[in-house]
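Sequences are here, hints too, so could you generate the full structure?
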Amino acid sequence: MTSRMTHYLKGIGEDLRRDWQLYLLALPMIVWFLLFLYKPMEGLQIAFKDFSPFRGIAGSPWVGLENFRTLLEDQIFIRAFINTITISGLGLIFAFPVPIILALMFNELQNEFGRRFSQTIVYLPHFISVVIVAGIVINLLSPTTGVINLILSSLGFEPVYFLTQPEWFRSVFIGSNIWKEAGFESIVYLAAIAGVSPTLYESARVDGASRWQMIWRITLPCILPTIIIMLIIRIGNLVEVGFEYIILLYQPATYSTADVVSTYVYRTGLQGTQYDLATAAGLFNAVIAFALVFTANRISRKVSSTSLW
Amino acid sequence: MRHFRKSLTLLATCAFLQVGTAHAQDASTKIVANPLELTIHFHFRDKYVYTENWPVEKKAAEWTGIHVKNVASLATSNSRDAFNLLMASGNLPDIVGGDVTGGLKDDFIRYGMEGAFQPLDDLIAEHAPNLKKFFDEHPVVRQTISAPDGHIYFIPYVPEGEYSRAWFIRKDWLEKLGLKEPGNVDELYTVLKAFREKDPNGNGKKDEVPYFAREPIEAVRLINMWDARVSGSERYGDFMVENGKIVHPWTTPNYKTGISKVAQWFKEGLIDTEIFTRGARDREYMLGNNIGGMTHDWFASTSNYTEALKDSVPGINFAPMLPPKTVSGKRFEDSRRATVQPAGWAISYSNKHPVETIKYFDFWFSEKGRILSNWGIEGVNYDMKDGKPLYKDSVLHNPKPVNAQMWEIGAGVPRGYWASYPSEEQWTNKMALDGIAMYKKEPGLLQPEFTGVSMDAKERATYDKYWPSLLTYMTEMQQTWVLGAQDVAASWDAYQARLEQLGLSKVIKVMQTAYDRQYGKN
Numbered sequence: 001m002t003s004r005m006t007h008y009l010k011g012i013g014e015d016l017r018r019d020w021q022l023y024l025l026a027l028p029m030i031v032w033f034l035l036f037l038y039k040p041m042e043g044l045q046i047a048f049k050d051f052s053p054f055r056g057i058a059g060s061p062w063v064g065l066e067n068f069r070t071l072l073e074d075q076i077f078i079r080a081f082i083n084t085i086t087i088s089g090l091g092l093i094f095a096f097p098v099p100i101i102l103a104l105m106f107n108e109l110q111n112e113f114g115r116r117f118s119q120t121i122v123y124l125p126h127f128i129s130v131v132i133v134a135g136i137v138i139n140l141l142s143p144t145t146g147v148i149n150l151i152l153s154s155l156g157f158e159p160v161y162f163l164t165q166p167e168w169f170r171s172v173f174i175g176s177n178i179w180k181e182a183g184f185e186s187i188v189y190l191a192a193i194a195g196v197s198p199t200l201y202e203s204a205r206v207d208g209a210s211r212w213q214m215i216w217r218i219t220l221p222c223i224l225p226t227i228i229i230m231l232i233i234r235i236g237n238l239v240e241v242g243f244e245y246i247i248l249l250y251q252p253a254t255y256s257t258a259d260v261v262s263t264y265v266y267r268t269g270l271q272g273t274q275y276d277l278a279t280a281a282g283l284f285n286a287v288i289a290f291a292l293v294f295t296a297n298r299i300s301r302k303v304s305s306t307s308l309w
Numbered sequence: 001m002r003h004f005r006k007s008l009t010l011l012a013t014c015a016f017l018q019v020g021t022a023h024a025q026d027a028s029t030k031i032v033a034n035p036l037e038l039t040i041h042f043h044f045r046d047k048y049v050y051t052e053n054w055p056v057e058k059k060a061a062e063w064t065g066i067h068v069k070n071v072a073s074l075a076t077s078n079s080r081d082a083f084n085l086l087m088a089s090g091n092l093p094d095i096v097g098g099d100v101t102g103g104l105k106d107d108f109i110r111y112g113m114e115g116a117f118q119p120l121d122d123l124i125a126e127h128a129p130n131l132k133k134f135f136d137e138h139p140v141v142r143q144t145i146s147a148p149d150g151h152i153y154f155i156p157y158v159p160e161g162e163y164s165r166a167w168f169i170r171k172d173w174l175e176k177l178g179l180k181e182p183g184n185v186d187e188l189y190t191v192l193k194a195f196r197e198k199d200p201n202g203n204g205k206k207d208e209v210p211y212f213a214r215e216p217i218e219a220v221r222l223i224n225m226w227d228a229r230v231s232g233s234e235r236y237g238d239f240m241v242e243n244g245k246i247v248h249p250w251t252t253p254n255y256k257t258g259i260s261k262v263a264q265w266f267k268e269g270l271i272d273t274e275i276f277t278r279g280a281r282d283r284e285y286m287l288g289n290n291i292g293g294m295t296h297d298w299f300a301s302t303s304n305y306t307e308a309l310k311d312s313v314p315g316i317n318f319a320p321m322l323p324p325k326t327v328s329g330k331r332f333e334d335s336r337r338a339t340v341q342p343a344g345w346a347i348s349y350s351n352k353h354p355v356e357t358i359k360y361f362d363f364w365f366s367e368k369g370r371i372l373s374n375w376g377i378e379g380v381n382y383d384m385k386d387g388k389p390l391y392k393d394s395v396l397h398n399p400k401p402v403n404a405q406m407w408e409i410g411a412g413v414p415r416g417y418w419a420s421y422p423s424e425e426q427w428t429n430k431m432a433l434d435g436i437a438m439y440k441k442e443p444g445l446l447q448p449e450f451t452g453v454s455m456d457a458k459e460r461a462t463y464d465k466y467w468p469s470l471l472t473y474m475t476e477m478q479q480t481w482v483l484g485a486q487d488v489a490a491s492w493d494a495y496q497a498r499l500e501q502l503g504l505s506k507v508i509k510v511m512q513t514a515y516d517r518q519y520g521k522n
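First to last, the protein sequences are chains A and B. So the first sequence is numbered by the numbering used here: it starts at 1 and just counts up by one. So the second sequence is numbered by the numbering used here: it starts at 1 and just counts up by one.
The set of hints was computed from the structure by calculation and includes no laboratory data. Treat the hints loosely; a few may be bogus.
[Unchecked claim] Ranges of calculated distance between the beta carbons of each label pair, as one might list FRET restraints:
{"#": "1", "chain 1": "B", "residue 1": "122", "chain 2": "A", "residue 2": "30", "range": "53 to 63 Å"}
{"#": "2", "chain 1": "A", "residue 1": "306", "chain 2": "B", "residue 2": "490", "range": "49 to 59 Å"}
{"#": "3", "chain 1": "B", "residue 1": "73", "chain 2": "A", "residue 2": "198", "range": "55 to 65 Å"}
{"#": "4", "chain 1": "A", "residue 1": "171", "chain 2": "B", "residue 2": "138", "range": "47 to 57 Å"}
{"#": "5", "chain 1": "A", "residue 1": "211", "chain 2": "B", "residue 2": "101", "range": "56 to 66 Å"}
{"#": "6", "chain 1": "A", "residue 1": "112", "chain 2": "B", "residue 2": "314", "range": "20 to 30 Å"}
[Stated by the list, open to error] Covered stretches of chain A, going by a simulated chain B footprint (3 or more residues, C-beta under 8 Å):
{"#": "7", "stretch": "46-60"}
{"#": "8", "stretch": "66-79"}
{"#": "9", "stretch": "142-154"}
{"#": "10", "stretch": "157-165"}
{"#": "11", "stretch": "243-254"}
{"#": "12", "stretch": "258-268"}
For glycine and all other residues, C-beta sits at the position ideal for the given N, C-alpha and C.
Given below as structure tokens:
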């Protein structure tokens with residue numbers, strides 16, 4: 001046992017000596033991780049305490065799982081949790097394929113200028129702040145002055161007050177998110193496509209394959225590992241819906257579909273300074289996210305031998 | 001900015017020049033013979049910190065000998081964060097205060113009981129005659145700020161004046177349509193209907209918005225017409241007290257009637273269809289575009305629009321009117337100025353000079369301190385006439401609003417002080433003053449204010465556990481009803497049952513216990 005340990009340590013020592021430049025390059029990132037992601041983990045104990053900022057973490061009494069019990073007994077939290085999963089799940093189904101399709105389409109564009117131009121256009125929304133995006137969405141959908149409703153009423157329909165109707169919230173949220181992010185996310189797939197060996201296409205062309213066949217038989221299978229990795233990461237974020245954009249778009253009237261865990265945490269935890277409850281909700285989320293990623297990774301390794309780790 | 005700084009220096013110089021002349025009479029306000037420096041953390045309204053450079057604070061230092069040195073950083077643009085971070089650091093300066101989102105009253109009390117702040121009762125009784133006199137004359141203020149253990153842990157910012165908001169209506173539209181001011185709920189319906197249908201702005205389009213509002217608390221204010229209240233205080237969705245019992249206004253039978261009627265009016269287009277999404281600039285939009293007919297908003301600021309818009313919207317006369325009589329024939333105004341603002345300052349546990357500090361707090365409640373904290377510097381900002389301070393013309397006739405000017409010199413800032421209504425009255429326009437006088441003449445117009453309860457740790461835990469979700473649900477249902485997504489009559493029982501399930505009676509129970517302890521002996 002001890003000899004294996006020393007052997008192992010010696011191995012590390014040799015590695016360090018041989019590749020010290022590489023380790024030196026990695027060092028700042030390792031320090032960053034330790035300082036900003038591992039060190040703060042000690043604060044997680046707040047989730048199990050009746051926390052008061054003045055008494056501090058050490059001075060606050062332990063309460064066991066009380067905070068988690070409060071959360072799980074709260075129907076509003078349960079609803080928020082279900083909403084989170086629903087919004088992310090629908091996002092996965094509708095938003096995930098869009099960047100892939102976009103990347104494939106860009107790849108087929110022959111005219112260099114047209115390609116650059118359209119790529120830039122779809123990237124741009126990514127760089128607009130969510131506050132502005134929300135403003136645009138609110139204006140577009142306004143029942144009295146919004147373009148969408150003007151079109152609807154000129155076609156003879158009744159104007160719809162989209163942002164106060166729970167059944168519309170998900171479509172508005174996911175739709176505007178696709179508009180904002182799809183272009184930027186397609187970069188990863190474009191890079192993967194660029195890495196596909198041209199000889200594959202050349203030989204396919206010699207065999208008389210059509211462009212459709214080349215997309216289905218060559219491009220897609222070749223970028224499949226990238227797609228799977230992106231999917232696993234996405235699944236890890238299934239329980240997370242960014243709260244800024246939701247807060248900007250939601251109304252009490254749409255809480256029934258729009259209230260997600262992060263907005264729940266924001267309202268109860270931060271506005272009401274209940275840090276312990278907010279931490280408990282965050283930890284609850286993180287544990288579930290970890291389980292999801294772990295399972296997705298397992299499945300993917302079994303089925304396609306591609307995995308995150 | 002540079003200009004601003006320059007004028008500050010100028011003011012400061014003026015204040016300095018006065019030192020020589022005013023010195024002799026200041027013996028009575030001196031607290032310490034040798035200048036004493038106290039540290040203070042005071043971050044307020046998300047963008048200001050206390051500073052000893054304010055001319056008003058310089059004057060106070062000169063009169064009392066106490067110099068306060070700010071330690072709060074302006075690097076944070078959130079006063080709530082600044083306060084929380086300070087508490088978490090545990091390293092408190094001599095004085096802690098501020099004015100933050102959600103208020104600091106509960107924080108002062110909670111942390112005070114945890115030992116962060118010193119109880120002030122004995123200090124006030126022994127060393128602060130002005131504060132003692134003030135609390136004796138205003139027992140409600142003392143009750144409002146008392147902790148569950150009976151102590152006082154902070155000195156609040158106490159506003160003065162009763163009326164805050166009023167009903168405003170386009171009187172020129174009424175005239176044009178040959179209607180009289182609505183005196184009761186039926187007449188109000190007729191008027192709003194006419195605003196909607198008879199094109200009072202005369203542009204040939206049916207674009208008038210009869211009732212509009214810019215704040216969430218005002219969106220359903222029309223439920224007043226059916227004797228229902230929107231909130232017991234100036235806080236959104238707060239409890240109220242009826243015959244000594246804590247009740248939530250959104251659970252009463254009147255609310256059921258009121259909200260279903262409001263939903264009906266909404267459906268008929270009498271209430272802005274976008275009332276929940278327009279936001280804070282709604283008033284400018286509605287009045288500036290000549291489409292808004294009626295609202296419920298602040299006396300002073302709303303009165304300014306008629307003046308400001310007289311060129312762009314010819315003939316506009318957006319003026320206050322008395323609340324129309326409700327279905328039961330009553331007349332009442334649901335909002336008022338808060339008795340106590342949840343802002344102010346406290347003495348931290350580590351303060352080595354509690355006596356000097358309480359004397360310094362006391363100074364601001366003395367006659368001299370009160371004038372200084374409201375009107376600024378004599379001879380610079382105001383002059384004494386017949387024993388009363390009056391702003392100088394240079395202050396009144398200035399493109400900058402008077403309150404903004406006062407803030408720049410450190411007057412009217414939310415330190416623990418007693419605001420003086422006459423100082424505000426002097427720069428409130430005539431329309432608002434007439435409106436306030438009209439409201440004042442009507443007996444019993446104001447509804448009693450719920451000034452809040454101080455809960456002990458256990459009560460607070462119960463409240464914190466249930467209240468946020470309750471408020472979420474009540475707000476959600478309110479909008480759902482108004483927007484017509486659900487019928488009030490059909491879903492009312494389910495609503496009551498759900499509130500019960502979410503813990504409403506538990507919250508009311510702890511609040512009632514706290515209320516009886518705090519106000520019971522009255």
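Original post:
In ascending order, which of the hints set out earlier in this document are inconsistent with the structure?
Top reply: 6
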